[in-house]
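Peer 1: Line by line, the protein sequences are chains A and B.
Taking this note's numbering, the leading residue of the first sequence gets 374, the next gets one more, and so forth.
Taking this note's numbering, the leading residue of the second sequence gets 1294, the next gets one more, and so forth.
The set of hints was computed from the structure by calculation and includes no laboratory data.
The calculated label-pair distances, taken between Cβ atoms and stated as ranges, are:
1) A/Lys-524 / B/Thr-1588: 54 to 62 angstroms
2) A/Val-489 / B/Pro-1748: 49 to 57 angstroms
3) A/Val-489 / B/Ala-1536: 37 to 45 angstroms
To give an idea of the chain B side of the interface with chain A (calculated C-beta under 10 angstroms), a few residues:
4) Gly-1466
5) Glu-1475
6) Pro-1506
7) His-1600
8) Gly-1601
9) Pro-1605
10) Lys-1949
Because the structure is a prediction, the values reported are computed rather than measured.
A virtual CB, placed ideally from N, CA and C, is assigned to each residue, including glycine.
Each chain, written out:
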Amino acid sequence: MPKVSLNVNGNVHHLEVDEKTPLIYVLRNDLGLKGTKLGCGLEQCGACKVIVDGKAEFSCNTPVVSFERSSITTIEGIGTPEKLHVIQQAFVTECAGQCGYCIPGIIVATKALLDVNPNPDDEMICEALSDNLCRCGTHGQILKAVKRASKEMSL
Amino acid sequence: MTLSPSFGNNPDLDSWLQFHRDGRITVYSGKVELGQKLTTALTVIVAEELDVDPGRITVLTADTDTSPNEGYTAGSNSLESSGIGLRQASAKARRALMEKASEHLEEPVENLFVTDGQIEVSTTKKYVTYWDLIGDKHFKITITDDVLPKSPDQYHLIGNPVPAVGLEALVTGTMTYVHDMEFPDMAHARVIRPPSYHAQIQDLNDTEVLTMPGVIEVIRDGSFLSVVCEREEQATWAASKLAGETVWDESKELNSKDIFDQLKNNPRQSLPVVKGVAKESLVQSFRLPENSSKTISASYQRPYHMHGSIGPSAAIALYDAQVLKVWTHSQGVFPLRLALADVLALAEDKIRVVHVPGAGCYGHNGADDVALDAALTARAVPGRPIMLKWERADEHAWEPFGSAMQMELKASLDDKGHVIFWNHETYSDTHMSRPSVHRENSRLLAAWHLQTPRPAPPVKPSLGYHTGIHRNADPIYDFPDRRVVKHLVQDLPLRVSALRSLGAYANVFAIESFMDELAHAIGTDPLEFRLAHLSDKRARAVLEAATTKANMGFISNDDRQGRGIAVSRYKNSKCYAAVVIDLIVDDYGAIQLVQAVIAADAGQIVDPDGLRNQLEGGLIQSASWTLKEQVNFDEKGIVSLDWESYPILTFAEVPKIETILIDHQDCPFLGSGEATQGPTAAAIGNAIFDSVGLRLRRIPFTQERVRDAAAKV
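All chains, full assembly: derive it from the sequences and hints.
Peer 2: Here's what the structure looks like:
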């Protein structure tokens, strides 16, 4: 099997996997990064989002080989329970999570947004999260958390 | 004091609480965490009663080997059973520990006080801890009703915001869902479902699939088909290849005629509902009161809705040495064990079922079915843990949907505008098809497709208090004469079971829309009309609190903006909720929710943030059902197979929500997780009427439906 090289959360990995494998399976099953969630495999729900060269992208459908020259950040690369990122702390403060399955993808999309635009208005936030679905209806708390994070990051 | 119903099966204190020498406390609950923050609420209740720091407490997830059997986590019952149970168990434990401490310290109990598990003598500062007294030992006592829990004026934790258990793990992606578990030598599987409900395998050619990289086994039993591979992506590839190489007999089709025609015209069993309880007696006909000055009728409709979990169902099964172990996100590990034992012909004690969190389920979704899929697959590959995940289309097509419903209402008013007769009839399929033991039948999906199939058992009407179809069909208003009828309709096309709030969503939608229609018909304000028929003080209080708050809020100059209100009390016995919705219907018939106000009374509040999340989440989910959702199908099967063909509410579409919590620390807690489903739907319909004068009675209120209604005016 061919070798694929991937730069994930600042570490380069050389992996023997079928290059057609969608990125998410490599992240979760080869690198043990289970924070990225499989929701639809159709690029419709956003649970699988990761940051690729600064942009939030779906990982559930695109073959791993097309990420070889990219720098990938997953939810694990943003912060840890011991050292939460400002965005993650804002989600905890606002109690923005019920079942939590959609949350990693939403935090990833938020990070990509705030890195480029630290002071987005409501419309820009909704646009950035337009392909992230939440079924528990935590939208209100999530939007408050994104605004709190934006405020704290621009202090 | 009445003991929690949960003690019936589990009266030993040691089956609920265990104190460890190192100062930790393990709590066993038969209920499961579904994202509703139950773990947080149970932690707070135990910490409060024992006077310990919540950080010492771990609530263990349900496991048939270690947990008390509390049936299903459903029906907004968990705090009222497990919560009360753990409160009583903790009170009993505390009393036992105080008595032990009294002996140990040679001081009467009255002179002792507890701080974070340390029992001190108020005068001499002598102390002993819970962990010294009982650490790693058993109480060996039975929970009795002779110990009173704390009174609310002694509380210092309950009712105050507390950090939710596990949020740090959730926001860092380190929380382990069943989908994330790993075992040495674990293999991955996918299931290949028939193209429609009744299709059967005619011919299967798996020769090529068996040569694909990583393929371990193709499993077939009748028309049940799954494939096991070394790697997950290999399983997805092998499954889609197999799907293409299977020939199905699809001659038996679904009845795809208009579902509301079927609801009215299929055979049915009709039962009267008296004070919320269905009776096995004949439905009486009725005559309108002679003094009625006005009689109005209307019908309301709700289509099939999906649970639509964001994570497709998954399970892990390991079959080793004739023992089956299953890791599942089912809402009931004990009932699932029974159902698995039944289908697999295994003894119950040869099966262990362990709960692990999944994505939110909102009722009975594919969780139990995928557990059987995994078990059937694992049995063919003994010794290897099998992770079996449904794909998105499996979940959309095969989960048991929320039943379609038709509600027909009629009311007579006297010349003073009072309702003097109320008639409510609901036509629907069952709302309860959770798995159990059914001998030659089964409610687990894969059992229908086996070589020796076990089709779904015949449906019987549920008779309990506010169960299924007749949940919340009996209005909370003081109508002097009312007639409520449930019609359990047979031979309906789609697979159905419990979806958050069951029949309450559509019954309340109908009642609260109709109240609005009656108010308008006699030219009265809808709020005044409700209050004139409502003597329940707590129901009035939430209605008044919500409308007052909405009036103080943002008032729009946009004349397209409309406001709707609605109120209900879940199961007429649980949480009260009033909802106000402000929305705009634009010139093209598109609806934009602007703001929403909820006022709720859930009795004693344990965790205000968790309660708010449940109420607001319920509102958003209900708004999504009401504005956008409908399961579509044709004679070949379900055609709503992804999020494009079954769209749900997105971030740009949710309203701003304000929530008022009315706390009653001196009252019992009231289940709240389903309280806003019904009122939200009606408030939306009423707001549309207020905005553009169109009365929509068929959910979902899509742009097309608004336009059709406008065209008919």
